Amino acid sequence: MNHDQLERLLKSVPVPPREAGYWENFPRDVVHRLQFPTPAPSLGPSKRRPRMVWLFAAATASAILALALILKPASRPTPQFLLNEAAVGELLAMFPNRVRAILQDAQGLRLVLSDEPDVPSSTPLWVRVCRGTQCLSAVTFSGQEVPLDGQSAMVLADARGGVILVGERFAWTSQAPNRGAGGLRIQAAPLSQVAIR
Amino acid sequence: MGVLEDEVDWIRRSCAGDPSAFEPLVARYQRMVHALTYRMTGSTADAEDLAQETFLRAYRRLDTYCGDATFATWLGRIAIHLCLNWTSRAQRHDQLHRDWAAQLEIPAQRAANAGANLPGDIYDQVQQAILRLPAKQRAALILTVYEGLNHSQAARVLGCAETTVSWRLFAARNKLRRLLKQLG
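Residue numbers (my numbering), protein chains in the order written: chain H, 1 to 197; chain B, 198 to 381.
Extracted from the complex, chain H is given alone in its bound form:
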């Protein structure tokens, strides 16, 4: 294949088309993000930014309503909220296939929602990560990313019912929980295994 033949072949490959309306909406979406930037999560910023919702700030009405229906009035979630399988289940049911993660730390509870109902249904996974006295707990699903320790970490369910965390600077598995992860103390398991009954 000579130079010209290769050039013609390369240039013949089109970029995949987008669905109707995509090009009209994209500029507006960019401007919207500029006008309404998403807040940074605690324990460091995340590089990939799904839509973050602060439940105890001016969040979406539906997220506030979800908490109001689940929690007693005038109460804050206990540290064990994410271990309450029934409460977590109710919250997930309010946003079917949209919840990427539920995060809880000293600042409170936050939902990470997908713009579209494209989060696959799977077994909820519970994760707790601490550096020193600063801890973040999360309920999420295999294949989702959560902000941890200044990086974005992917949470995966392995073939034996365990959990794997893969960050930019560490990797950890529940099969070897005491193996160091860059100074982080990590606990993770399917939520059903650790839920408070």
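FYI, nobody ran anything at the bench for these hints, they're computed from the structure. Just so you know, these numbers come straight off a predicted model, no measurement behind them. Glycine included, every Cβ here is placed at the ideal spot set by N, Cα and C. There may be inaccurate statements among the hints.
Below, computed lysine-lysine pairings styled on DSS-like, alpha-carbon distance capped at 30 Å [what the hints assert, rightly or not]:
| no. | chain 1 | residue 1 | chain 2 | residue 2 |
| --- | --- | --- | --- | --- |
| 1 | B | K372 | H | K11 |
| 2 | H | K11 | B | K333 |
| 3 | B | K378 | B | K333 |
| 4 | H | K11 | B | K378 |
| 5 | B | K333 | B | K372 |
From the derived model, a few chain H residues whose C-beta atoms are all more than 10 Å from chain B [to be verified]:
| no. | residue |
| --- | --- |
| 6 | K11 |
| 7 | N84 |
| 8 | A86 |
Given chain H, put chain B in place with the hints provided.
Then chain B, alone, in the frame of chain H:
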């Protein structure tokens, strides 16, 4: 040279803190940026994320755009560097997954560079071959073949010497010829 007349007003108003003035700039260059990020990543979803991040970053750095290059070239530089960082991150994730799969005796996914024939139709095969190039070779190829930059312009985007771009293109074309010889 460098910026079109109507863009001058959009850029000035955007720099003054009017995000809505940025919208026509996005509309004008969105397809170019999407094409570039798609060819670098091979993933529509990642391309969309990177395209959006390109424009967000461009808005925040508009005050650094001084018109010494076209606005498209300046945007392309931002997009390429975001894609190169993305590629580096994706490769680290892939390597970590392979390492953990080996340690946990979980069947690993078939390596992308196992040397097997490229699957799919001709367009898939060409795109997959492009994705097998080292990231910087891929970037040089995309900027010259698809964005129409000469070696000097591509070097400015990539922040390297013109001779480096020439060498990367030479290596990229040789590798593509080997990968695509069955299509020749």
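Hint-by-hint comparison with the structure:
1. K372(B) / K11(H): 17 Å, holds
2. K11(H) / K333(B): Satisfied, since the Cα-Cα distance of roughly 19 Å is no more than 30 Å.
3. K378(B) / K333(B): 22 Å, holds
4. K11(H) / K378(B): Cα-Cα ~16 Å, so holds.
5. K333(B) / K372(B): Between K333(B) and K372(B) the Cα gap is close to 13 Å, so the pair holds against 30 Å.
6. K11: 6 Å, violated
7. N84: With a cut-off of 10 Å, N84(H) remains clear of chain B, as the shortest Cβ separation is near 31 Å.
8. A86: A86(H) is indeed farther than 10 Å from all Cβ atoms of chain B, at 32 Å.
Going through the hint list in order, the structure does not satisfy hint 6, though it satisfies all others.
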